[in-house]
Amino acid sequence: MKRRDFLKKSAAAGATVGMASLIGLSARAQGAEILIGGLHDETGGLDFAGKPMQQVLGFAVDEINEQGGLLGRKLKLVTADTQTNMQLYASLAQQVALKDKVSVVHGGLTSASREVIRPVLRRFNTLYFYNTLYEGGVCDRNCFCTGTTPAQTVQKLVPHVMKKWGKKVYTIAADYNYGQITSAWVKKYVEENGGQVLSTDFFPLDVTNFGPTIQKIQAAKPDLVMSVLVGAAHLGFYRQWAAAGMKKQIPIASTTFGAGGTEPILITPEESEGIITCYGYYPTIDIPANKAFKTKVQAKLGAMPPAGNGPLLTELSVCTYEGMMLWAAGVKKAGTVDRMKVIEALETGISLDMPSGKVTIDPTTHHVTRDVYLANLKNREYVILESFSQQPPADTQAVCDLKKNPNDNQHYQIKL
Amino acid sequence: MDYALVVLIEVLRAVGGLVLISIGLAIIFGMMRIVNIAHGEFLMLGGYTVVLAGKAGINTWVAMLVLAPAVVGLVGIAIERCFIRFLYGRMLDTLLATWGLSLFIVGFVTVVFGNTLEGVSVSLGSFEVGRFRVAGYSIFIIAMAAVLLVGTVAMLRGTRLGLIARGTMQNPGMAAALGLSPPKIYMVTFGIGAALTGLAGGVLAPITGVVPTMGIAFIAQAFITVITGGAAIVAGTGSASSLLGSVSQLTTFATTPVIGDVALLFVAVALLRILPQGITSRFFRRSL
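In the order they appear, the protein sequences are chains A and B.
Counting with numbering that gives the first Met the number 0, you get residues 0 to 415 for the letters of the first sequence.
Counting with numbering that gives the first Met the number 0, you get residues 0 to 287 for the letters of the second sequence.
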């Protein structure tokens, strides 16, 4: 290509791009498209969890568009990659709220990231959905939390494994707010069930050497180990535990293993065999809504890893889908995307049949009442052991009442 | 009694772990004065080599002991030819260049191989020490560290290559005057440092697992060990690993891993206040 040609062509291309963005601007002014913000870690250390959430959010948006959109308007997803970086969470939350003026933001992964973007979105009057299982206690009328909290999961997991294995528990947990608060819940439920927590050890997220811990656990002789470990480095525990031949000696239950979906892929089936967990969603839930959902996702995005390249279906990604659907139901009911009207519509206690079962918004806490499942890992498959119908977010309900105090804006923490 | 023995094994394993992750850096940073921020990524590449070779059906031991050092050594030589050779004697520039390199390697591996790879598990079984069970792999790590230390001494002291490498690092001008080619020697030395790091990454892969960002967990410890050790490569790495590994592991046993890390840093800082040139500036001065 000659230099002159190149200049001409690039000028033409530039003009086209400019036109396109102008058209985009006028379209927004007319309100032709409803903009949905997605803030997820598509890259960086937590991308294994953030990317499927982003993909499934896109899937939900497409599904709504295929059915004709909302209020006669199409939806458009505005995504921003937060790169597992707290500074980016802060700036990108401002960007989608102020520059893009989205109607709702879905996103945030760790509790730390949620506490970065929640105040920003509240300040700029942008509705926020946090779709991750977390430690509970967020009380903010601008924020809906669709994932499970300890009263829904830990409360079921602890008595189940104590009945199965015994009353002496050794807790190992990640050293940040999720691990600290969740291990406090573990202690509370163990003691309520007449058991004893022998010790709770905390580990920074980059610890890979669990040798001393494994020997300490052996010295303490618990009936079971409760793992609240988080992230790739902590997977070293399960490897070293198996290498020390402990798998047959002391069983493991976990509030986190497999929550992001990758843990059973990253470690071998022998190392993960028999770990019992409790979440709001497993791919193996045997209800028609879940089967239909899985088939559709697979047709559109591919099979779940390790077989294919589709998104991992876990509580994280499926709650993101459900969060989007709940918001859409709220918009339909309100007849507008206006933030306050949608909040009021959602506060009527909207209820939907979702892949994980029936999901109902709890008006007083903006959390959800949902079905919860207990499962055992067998050769990388979750075998459902027990299901608990319609569990309310009792932990947050104990501290938060948005009906009485609509202006409450706190992250309550459990006191023991 | 059995508890004391278990603690001893764990302490030795921590020392062995530090030796493994820092011996390659001791050559690249200690000998060649290249601040290799991409050291953690060399470890990661070793781990990835083992995992990918395992997937391709190659025996894990072959992958770990042969392929990982070979692959990372070759990568190291390529990197030396492309970047590092322009930066000898410019220590701060090497820091910036290798930092960029480390970001590039992490991004490249994430894009090409993905970050959700199944780890490898090596079965060396476990054995009982009184009331406790200990992984056989711990003993393997201790043995590997010992072999690496002895092997490095033997190579530097016993072979012609070692002699030439040491001489060139001391006085490249004199080496050139004697008819040697310093650029070639730098290249080979860098390659050997990278290969040892790759070997360490391969050996550690079964217990830490591999993700593209795993280097971060090791880089600080490796630099602290090498700097604390001082000028002598083997004696420095060995003594610093022993001291720091014992302190951190014993503290961890007595308290928590957090306090264990704090103790390691505290000892390193205190030691560098007393011996700014590292342990081997005062002790083991004439050793390697």
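Check before you lean on any hint, since a few could be wrong.
[Said to hold, decoys possible] Okay, the calculated bits of chain A under chain B, using three or more residues with CB under 8 Å as the criterion: (1) 44-52; (2) 93-105; (3) 117-126; (4) 207-213; (5) 231-237; (6) 325-332.
[Claimed, not checked] To be clear about the criterion: a stretch of chain B counts as covered by chain A if any three or more of its residues have a C-beta under 8 Å from a C-beta of chain A, and this derived list gives those stretches: (7) 246-253; (8) 279-285.
Hints are computed from structural coordinates only; laboratory data are not their basis.
All values derive from a computational prediction rather than experimental measurement.
Heads up, the beta-carbon is just placed ideally off N, CA and C, and yes, glycines get one too.
How the hints compare with the structure:
1. Given as covered by chain B, the region 44-52 of chain A passes the check, having 3 residues with a CB less than 8 Å from a CB of that chain where 3 are the minimum.
2. Counting residues of the region 93-105 of chain A whose CB falls under 8 Å from any CB of chain B gives 0; the rule of at least 3 is not met.
3. Judged by the Cβ-Cβ criterion of 8 Å, the region 117-126 of chain A is not covered by chain B as claimed, because only 0 of its residues qualify and three are needed.
4. Residues of the region 207-213 of chain A lying with their CB closer than 8 Å to a CB of chain B number 5, which satisfies the three-residue condition for coverage.
5. Coverage of the region 231-237 of chain A by chain B holds [criterion: at least 3 residues with CB-CB distance below 8 Å; count 4].
6. Residues of the region 325-332 of chain A lying with their CB closer than 8 Å to a CB of chain B number 0, which falls below the three-residue condition for coverage.
7. Only residues whose C-beta sits within less than 8 Å of a C-beta in chain A count toward coverage, and the region 246-253 of chain B has 3 of them, enough to reach three; the restraint holds.
8. Check result for the region 279-285 of chain B against chain A: violated, 0 residues qualifying (beta carbon to beta carbon below 8 Å, three or more required).
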